[in-house]
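S.K.: Residue numbers (my numbering), protein chains in the order written: chain D, 1 to 398; chain L, 1001 to 1398; chain B, 2001 to 2398.
Incorrect hints may have been included.
What the hints assert, rightly or not - Listed below are the simulated EDC-like cross-link pairs for lysine to aspartate or glutamate, each with C-alpha atoms no more than 20 Å apart in a straight line:
(1) B:K2385 with B:E2036
(2) B:K2052 with L:D1145
(3) L:K1052 with D:D61
As the list claims (entries may be wrong) - What follows is a set of in silico ranges between Cβ atoms, one per label pair, in the way DEER data are often shown:
(4) B:T2284 with D:E353: 28 to 38 Å
(5) B:A2307 with D:R58: 55 to 65 Å
(6) B:A2349 with L:R1296: 38 to 48 Å
(7) L:D1339 with B:R2058: 51 to 61 Å
(8) B:T2134 with D:V289: 39 to 49 Å
(9) L:L1303 with B:G2294: 42 to 52 Å
(10) L:H1153 with D:E353: 48 to 58 Å
(11) L:Q1354 with D:G130: 29 to 39 Å
No wet-lab data here; the hints were simulated from the structure. Backbone N, C-alpha and C define an ideal beta-carbon position, used for all residues, glycine too.
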Amino acid sequence: MTATPTITENLRAFQGLKTDLFHKDFLLTWEHPEEEIRAIVTLADTLKQLHKAGHSFRSFDTGLAISIFRDNSTRTRFSFASAANAMGLGLSDLDEQKSQVAHGETVRETANMISFLTEVIGIRDDMFLGEGHTYMKEVGDALTDGTQRGVLHRRPSIVNLQCDIDHPTQSLADLAWLRQHFGSLENLKGKKIAMTWAYSPSYGKPLSVPQGIIGLMSRFGMDVRLAHPEGYGLISDVVDLAGKQAAKSGGKFTVTNSMEEAFAGADIVYPKSWAPYQVMERRTEMLKVSDKEGLRELEKECLANNAKHANWECTRRMMDLTADKKALYMHCLPADITDVSCKAGEVSAEVFEQYRIPTYQEAAYKPFIISALMFLTRLKDPGAKLEQIVNRAQALHL
Amino acid sequence: MTATPTITENLRAFQGLKTDLFHKDFLLTWEHPEEEIRAIVTLADTLKQLHKAGHSFRSFDTGLAISIFRDNSTRTRFSFASAANAMGLGLSDLDEQKSQVAHGETVRETANMISFLTEVIGIRDDMFLGEGHTYMKEVGDALTDGTQRGVLHRRPSIVNLQCDIDHPTQSLADLAWLRQHFGSLENLKGKKIAMTWAYSPSYGKPLSVPQGIIGLMSRFGMDVRLAHPEGYGLISDVVDLAGKQAAKSGGKFTVTNSMEEAFAGADIVYPKSWAPYQVMERRTEMLKVSDKEGLRELEKECLANNAKHANWECTRRMMDLTADKKALYMHCLPADITDVSCKAGEVSAEVFEQYRIPTYQEAAYKPFIISALMFLTRLKDPGAKLEQIVNRAQALHL
Amino acid sequence: MTATPTITENLRAFQGLKTDLFHKDFLLTWEHPEEEIRAIVTLADTLKQLHKAGHSFRSFDTGLAISIFRDNSTRTRFSFASAANAMGLGLSDLDEQKSQVAHGETVRETANMISFLTEVIGIRDDMFLGEGHTYMKEVGDALTDGTQRGVLHRRPSIVNLQCDIDHPTQSLADLAWLRQHFGSLENLKGKKIAMTWAYSPSYGKPLSVPQGIIGLMSRFGMDVRLAHPEGYGLISDVVDLAGKQAAKSGGKFTVTNSMEEAFAGADIVYPKSWAPYQVMERRTEMLKVSDKEGLRELEKECLANNAKHANWECTRRMMDLTADKKALYMHCLPADITDVSCKAGEVSAEVFEQYRIPTYQEAAYKPFIISALMFLTRLKDPGAKLEQIVNRAQALHL
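Just chain D, with the same shape it has in the complex (with noise of 0.2 Å):
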């Protein structure tokens, strides 16, 4: 590990910076332009250091972030709560339970009634194979209606807490990280990231995290391998992005059905489970008729699918395959650990315990990757907002 930035380097690299975030919704990273990305990870590690230090970056002093979860989550949802609170957001959780955010005419006017006081809206939705990010664009585009027909001062900002596609909050914590635990974006040209899928006892987990991983650290020149037993496949479109992406930053991109494969030689290893697209697809439809024998029936034949490739458990044969035997392990967490939360999981306790306190570091990256999204989208002008409360800090006694 490599000495990081001081905050004074980091504000400067930092300011060197284009964004183009004002008002602006964060939903997928490819969306958005290295340049940006490389801003919001020196951002957030700069976020994260002040909080070290014991200094506030709060930039608010009024101010809603509404947070909307469409499926139950505590990582995140502690994430975006402490963004907003570090931040000087008050929190308000839109309970759907409690109100009438659904479809058509409802999203358009709901979006514009929770709106007329707040700056952010964070939404989790990933469910359902094709309708997170069609929801969050769909109240993205009620959110500029708005703005444009003068109902709402100032449109907020999405910030995509993981959808059907995506889960860039995940992935850029997860780059934070990287870029801290190898030194600098730089240095991560050239290494060598096995994204695998691993067996899990449970069924139907969402994939947004590996297209998540894939998606973006193709574009720092890595070298980015994605495994997975055969039908286990993700999304086509983003398969083919990170192959394109990886060409044009002068990485690579391959996919392979070996665990091993993926492992070899490798100097980050993220193994994790997932459900095949296809068996996303048709759980989707199911869930939508609410056709209960047919989702019994589902997972009944996909857990015995996955139990076919159990083998596929990051164990410490497997991290011997490794670049000198001692790969990083990242995981998004909560792991399926092996003899811990489950019989036959992702990975061994041994390896698991191993890496345990790097997966916390991993994860303490996320309430800071949301703080910067909220920072860029909702400051005019972040570099001054950013050198003001640097200098503060300093004046205390940084």
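Given chain D, work out where chains L and B should sit, using these hints.
M.R.: Frame of chain D; chains L and B shown alone:
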């Protein structure tokens, strides 16, 4: 639409109006002198303009705003959350399923127990006729007692977020919107407003909106027309009051059983469904004893009754009866829109779409009305405080 | 009632007391030296007086206070929310039904995951004997580990909001109230306090309040009398501790099976129902294995047992046994009041009504006790900070 007052004009106008709301409750608009009503809408408009210009009107360092919702709500919930946040108060929701606010001994006790550091308590209790307003008074009495006997350092103020009798934050937001739309409260004199029943495929909607509208608009010299099918009457006390107020303010108040008659030449129309007063009374009794069979029968009977008046729909044909065929359409939202949210409802899709943005603008006043009520009930010298806020804003660059 | 200390007197007294709570937990009062206890109640009283005079004691710009409630709660919930808000912290409730805080691996993980920007974690876990305190220690160990290994920038502090052993925010609020009522902690020396069981038509009430009271009041030279029917004993460790502490502080500690004996000549009475220790142990085992039949049987058996002691009621006749027939009646609320909240309960309606306001005043200390615990556990130099707050207040107009 005429030019609306500037922030400075609003500030001066506000300072010229006397209010007596410090540490008091706001339950029914007609309990408050017209001058106070003028002050509220003037202040709300000023706060809205400050927000539009990007200036905070935060007035508290700390303090709690507690909400008690005994019914689902999206827009009032978020309006209250937004107002609390904008004023600098922390929001805490009292979820009665996790507590003991009930009747008798316990209301008295709980009212004190939640109020040690509380500034404002917002209550929605609109389901049972004869109960919501009574409950709010009971809470208020407990707070007064607790303050007089030294338990509470300061008496929190109750803001009625909808009861069985009135919906003051709605009607005041509506008044603020009319003031904006027509240029001034003075310009409302002589304007014809049709508060009419409209068909809905649901039943049991509260009476507080129509009651709130006739109870408030009749004080500003308007020609208020209440229209509903036979048997769909409102609480007679409020109807009587509207008549008296209209006479006093130089306006008019009429009740008719014809939607057409009410719409004829109207400048403003407010078509909205509600349940007949007598039905709500029977429903309240049945709800109290959990008479499920009776409730099912009542619903059937009521829907059948409603269906006889399905022609009470705000269509293009109806709108053509209004002044210049273009009365301002108002609704508290969400509306039952024919072919959009239901097969047949309160308003045709075409008419609603034409006025959709104006209804959003109407709704946009609610968080600022609630902010204004917090401002007036919690600050000892609201005129001086507002001047200080406006000066600070202008020093920055207003 | 003697004159209570002024803010300045309190400040000076507070500054003369040593505390060692910075970044530590507060789980059991008896783990903390008497000097620290004095500091807490002195500080709580100062903060209460500041609030009364209208002065903020906000000490944080941002930061989270997380609450974990494993049981329903109104007053502790609002006390914690009020304290967090008053200190400038944002409140986030961890709803375990939407998360994964469980046992083993996951407690360790979740404790870290929610704590990246967190200052305080308030936990109520009082249902299972042998579990609540253990759980809090487990969370605390995880936080210490996470901080030492660089995951957390600062170790959050846990505040026990009621466990199976102690209810420190209640007993400290009670102590602060007694200090106020009798003029000083010194004046408590020799005062006779009867902590007695009382009849209730419900069963399974936790032991933490009586244990908390005897575990705290025995340290201030009081004559502490614990009274309960045979078979309704408390955890023996706490009973032993109370005896030792009483001896050391120059007070007395006696256990009796007669309510009359305990009330005779008492200056303070605290009649409250609880379940026998042995019953709670059996209940815990049954709850763990979801033995519904067993639980039903146990309830029946316990209610029958309770019924044998229905005469353990705090009536006028009982009060007449106390010093000058006017001991101070205390209760943590809500009380089971005969003919009010139940047919026959802990206290007669007449006695409760006489002391209703004093019980509210007792409760009023809780938010300030929790504020004081946040102040002492999170601020490095609480004496200097309090002086700064008092000076600012006095400069304004105290």
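S.K.: That 48 to 58 Å hint for H1153 (chain L) and E353 (chain D) (C-beta), does it hold up?
M.R.: Once the Cβ atoms are compared, 52 Å apart, the range 48 to 58 Å for E353 (chain D) and H1153 (chain L) holds.
S.K.: How does the Cβ-Cβ distance of D1339 (chain L) and R2058 (chain B) compare with 51 to 61 Å: does it lie in that range?
M.R.: holds (53 Å)
S.K.: Taking the Cβ atom of T2134 (chain B) and the Cβ atom of V289 (chain D), is their distance within the range 39 to 49 Å?
M.R.: Since the Cβ atoms of T2134 (chain B) and V289 (chain D) sit about 46 Å apart, the hinted range of 39 to 49 Å holds.
S.K.: Cβ-Cβ distance between T2284 (chain B) and E353 (chain D): within 28 to 38 Å?
M.R.: For E353 (chain D) against T2284 (chain B), whose Cβ atoms are near 31 Å apart, the range 28 to 38 Å holds.
S.K.: Is it true that A2349 (chain B) and R1296 (chain L) lie within 38 to 48 Å of each other by Cβ?
M.R.: holds (40 Å)
S.K.: 42 to 52 Å was suggested as the range; check whether the CB atoms of L1303 (chain L) and G2294 (chain B) agree with it.
M.R.: holds (48 Å)
S.K.: Take the C-beta atom of Q1354 (chain L) and the C-beta atom of G130 (chain D), compute their distance, and say whether it sits inside 29 to 39 Å.
M.R.: holds (33 Å)
S.K.: So if I understand the rule, the pair passes when the alpha-carbon distance is 20 Å or less; does K2052 (chain B) with D1145 (chain L) pass?
M.R.: holds (17 Å)
S.K.: Holds or violated: K2385 (chain B) with E2036 (chain B), Cα cutoff 20 Å?
M.R.: Status holds; Cα separation ~17 Å.
S.K.: For a C-alpha distance cap of 20 Å, please report whether K1052 (chain L) and D61 (chain D) respect it.
M.R.: holds (15 Å)
S.K.: A range of 55 to 65 Å was offered for this pair. Does it hold for the Cβ distance of A2307 (chain B) and R58 (chain D)?
M.R.: Between A2307 (chain B) and R58 (chain D), where Cβ atoms are some 58 Å apart, the hint holds.
In terms of the numbered hints stated before, the structure departs from none.
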